[in-house]
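**Q** The lines below spell out each chain.
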Amino acid sequence: MPITRREFVRGGVAAFTVSFAAPAFLSDLARAQGSNRRNLVVLYLSGGNDALSTVVPYTDAQYYARRPTIAIPAAQVLQIGADRSGIPLGFHPRLTGLRSIFNSGRLALIQRTGYQNSSRSHFEGTDIWSTGDPRSPQGTGWLGRYLDTLPSPGPLTAWSTNREIPRTLLSRTVGVPSIPSAQGYAFASPNAGIGSEVQFARASATRISSHLPVDKPHLAFVNANARAAFSTLDVVAQVGTYASSVTYPNNGFAQALRTIAGAMVRGVGTKVFWVQTGGYDTHAAQNPNQANGSYTGLMTTLNDGLFAFYNDLLNQGLLGDTLVLQFSEFGRRIAENGSQGTDHGAASVMMLMGGSVRGGIYGTAPNLRSAPDNPTLENSGNDVRYETDFRSVYARVIDGWLGADSAAILGADFRAGAPAFL
Amino acid sequence: MQSRPDPRQRDDRPRRGEQAIEHLLRRAGFGANPQEIDDYSDLGFTGAIRRLVDFEAVPDDVDSLIGRPGYVLITARGGFAPRTNITDARQRWLFRMIHTRRPLQEKMTLFWHNHFATAYSKINGAFGGEEATRYMAAKADEDPAKVTGQIELLRQHALGNFRDLLIAIAKDVAMLEWLDGRANIKGRPQENFARELMELFTMGVGTFAEADVYAGARVFTGWNLTRPGNAYYTFNYAAAQHDTTAKEFTFPIYPNGGKVIPARSADGGMQDGIDLINAVARHPETGPRLARKLYAFFVSELGAPDEGLVAELSNLYYQGDFEMKPVVERLLRSRQFNDPSNRYARYSSPAEFVARSIKEVGWAGFSVNDALTPMVNMGQQLYEPPDVNGWEWGRGWISSGTMLTRMNFASQLATNQKFNLRDIARGARQSPDALLTLMLDRLTAPAFARDSQEALLDYARAGGAWTGSDTQLATKAAGLAHLIVGSGDYQLV
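Residue numbers (this note's numbering), protein chains in the order written: chain A, 1 to 422; chain B, 1 to 493.
Chain A with its partners taken away, still in its complex shape (with noise of 0.2 Å):
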């Protein structure tokens, strides 16, 4: 069904729900909108994501036949029909509440992403991921580009939940704070108590941080991280106030992700969030048909997580504000190997989530017949090969969602082949 401008408007300015194709004024739209209360939330499984155990190829007689002992049974998966290729499809038996997400419509799967030549490098990997830049992933990260266009950013228009601050949140201009937990996110004194003396300590300190010499990056550099912590504390003390709807597990994923919603209901601002999960290098023992295999808990956790999540905002009335992105610097081998897991591989899945996401399968799943000319494999058919440049996805979110320009930010024009989740 075609649709007015009307109506895209109305549907973008509420928490929509119904499902837009994307029209060619959509990035227009939004940045007339402002889009201000929308947020991103980038997800990173770190470690390289086995995508054949997160969403099974369950009816692929090569998928038993290359994993004897770590295929997931075709009784176990959670259906959740088939691609555009025709090729059925099931979650890991763990994702139970990203089945139920995928069954309203909000969960769009994105098979076989990835790019030319991957590298099966962790660490190149993910530089590649978070500049965007296979051939030279040094630098900003995408979305530091996309904060570098911000008119006025303010010290929380991105937030890290992570200590480290991301390549990809990495900018030129705009300092991104980490803030794993608002409850630690406190100023501590040895002379609590004593007449005025916390607040001569936070004074000074606060005036040391805001020394910024030109002539010494990295003093500079430590200090700003300083002073963004002072220019912080106040407003997160509010967010560590927050009493969520739901009840979040007690691990730092999802602790993370009750951060992040915190933030969100209390207005602070932030455009992009970001959250990562470990344990995806699963070289051994990923036994994901297991209850204590390696792969169970990371489904268990990153399920547990963001159900919560997806319906803390649901109550909260945002999810129609928020846009998940979940990526993986790569997938893994097809063929598990001698200890019951995957090696290094190629092309994997992401996912996005949010109440205006247009939920599906994009993208066909891999023949895993093991053929030199199979078109779907590579590396003599060992890993799975690339459909969709990751940076198609991308652009999609930058024009989409965040109302910029993905050409000026992505270095080059992506959009066309990119899946049509938002």
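FYI, nobody ran anything at the bench for these hints, they're computed from the structure. Using N, Cα and C, we set each Cβ at its ideal position, and we do this for glycine too. Wrong hints could be hidden among the right ones.
Unchecked claim - Taking lysine to any residue pairs in the SDA-like style, the calculated list, with each CA pair at most 20 Å apart, reads:
hint, chain 1, residue 1, chain 2, residue 2
1, B, Lys-146, B, Leu-225
2, A, Lys-216, B, Gln-453
3, B, Lys-122, A, Gly-279
4, A, Lys-216, B, Asn-342
5, B, Lys-139, B, Ala-168
6, B, Lys-418, A, Phe-187
7, B, Lys-293, B, Ser-314
8, A, Lys-216, B, Ala-449
9, B, Lys-186, B, Ala-239
10, B, Lys-186, A, Asn-382
11, B, Lys-122, A, Thr-301
12, A, Lys-216, B, Ala-304
13, B, Lys-186, A, Glu-336
14, B, Lys-186, A, Pro-68
15, B, Lys-293, A, Glu-124
Stated by the list, open to error - Computed, partial: chain A to chain B, Cβ under 8 Å:
hint, residue
16, Phe-200
17, Arg-207
18, Ile-208
19, Ser-209
20, His-218
Place chain B on chain A using the hints.
**A** Frame of chain A; chain B shown alone:
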């Protein structure tokens, strides 16, 4: 040390070369307490380097000091067990950083821990906490089965031969679990160790092809574990699990340029791994890569290292058949190391920051156990690097969250040391200026900018008339220690 009248003139030191010695001890060690600065100053700069580098001449007695009066405390929970309890192993290592008489050995151990970045948590997942701690931290002379944990291995090879260290690491129990070599068998090669051996431990990314990873994995087939008497794991070459066919590489394996490791009998197949380790140690990118990494670790993270020095260091590495001591000694003696513009030009890692602040603020009555959680929040838990690439050094340590954690650790330490600081401060009770001068001197901070100095002085003066009472001294000495140690300036070493 005497206080001087104007805190802004701190560069004017009474002892010749003292600032160079402080710099040396911050970089080649974990900072120094006032007594150590005096002792090393007596040796002169060159003598101090020799003392640090030739650490075998100094007794390795630091562990015997644990629990003795006069040293930082550890917290024992029903017995201190650094061999079998990872928390206690972390306490022991931090204790060593603070009180060792062989600071460079401890510093190089941290360098190698970052280089071979093995995380306890995965070993724990495979073997349980008690055994995992043994494989990470046990000393042979305290272990009933003479197990040598990985960190002890790194200490033994701290300034030893890099090729020998690679061979030892390839057989290390924790490494064989960490990079899954224990599961690397014929027909089912496991690529993890071979890839990181080339990418992270030696030559670096971009110097090899995927085919080299596959060939390398086959080289190490059979480098597995065995469990004698069902008591502990140890390295075992399982000949029957070794892939005996030839392995071809894209780079030279042998000095004659040969790129093929020949087919060998299963019994002799372990030589494949030795051949490959020799080749990657000898590879022309390995020496420069180690030199650059050492330069960033000891000299400067700002900008690219001087390529002339990199070439000199890597030549020493190759000429000395991979001996590290001449390389590190040359680096410490380099013009670049001693260039005043390179002082306070490295971002301290949490281990450096915590150990140095304890050495400088004071330790009597403080337990290293209370530094462990702050270190996690600063981003560096010992025995737990985030991944096989180690920690993200340099700017990676610094963010608003970690700065707040560092400031709050400074507050915690100053709170704990309040009365010790008061006692030290009694010599400066005449004025806030004298107190600030004394604190700046003790904490070996760089010369603060004028306005930052004034901010400290304003703090010292704030809150009523100066009386110099013990109460006021305790408050302001602790307050200044908090502000100085928590300042941006102090994070740089």
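**Q** Check the hint pairing B:Lys-293 with A:Glu-124 against an upper bound of 20 Å on the C-alpha distance.
**A** holds (18 Å)
**Q** Is the straight-line distance between the alpha-carbon of B:Lys-186 and that of A:Asn-382 20 Å or less?
**A** Since the Cα atoms of B:Lys-186 and A:Asn-382 sit roughly 18 Å apart, the hinted pair holds (cutoff 20 Å).
**Q** Keeping to a limit of 20 Å between CA atoms, is the pair of A:Lys-216 and B:Ala-304 held or broken?
**A** The hint holds at about 16 Å.
**Q** Has the given pair, B:Lys-293 with B:Ser-314, been kept, meaning a C-alpha gap of at most 20 Å?
**A** holds (11 Å)
**Q** Run the distance test for B:Lys-418 versus A:Phe-187: straight-line Cα separation, threshold 20 Å.
**A** Status holds; Cα separation ~18 Å.
**Q** Any CB of chain B closer than 8 Å to the CB of A:Arg-207?
**A** holds (4 Å)
**Q** Is B:Lys-139 close enough to B:Ala-168, meaning Cα to Cα at most 20 Å?
**A** holds (15 Å)
**Q** Hey, B:Lys-186 versus A:Pro-68, does the alpha-carbon distance stay inside 20 Å?
**A** Holds - the C-alpha atoms of A:Pro-68 and B:Lys-186 are around 17 Å apart, at most 20 Å.
**Q** With a cut-off of 20 Å on the C-alpha distance, tell me whether B:Lys-122 and A:Gly-279 pass.
**A** holds (10 Å)
**Q** Does B:Asn-342 lie within 20 Å of A:Lys-216 when you go C-alpha to C-alpha?
**A** Answer holds: A:Lys-216 to B:Asn-342 is near 11 Å, not above 20 Å.
**Q** Keeping to a limit of 20 Å between CA atoms, is the pair of B:Lys-186 and A:Glu-336 held or broken?
**A** With a Cα-Cα distance of about 14 Å, the restraint between B:Lys-186 and A:Glu-336 holds, given a limit of 20 Å.
**Q** Does A:Ile-208 meet its interface restraint, that is, does its C-beta lie within less than 8 Å of any C-beta in chain B?
**A** holds (5 Å)
Consistency with the previously given hints is maintained throughout, with no hint failing.
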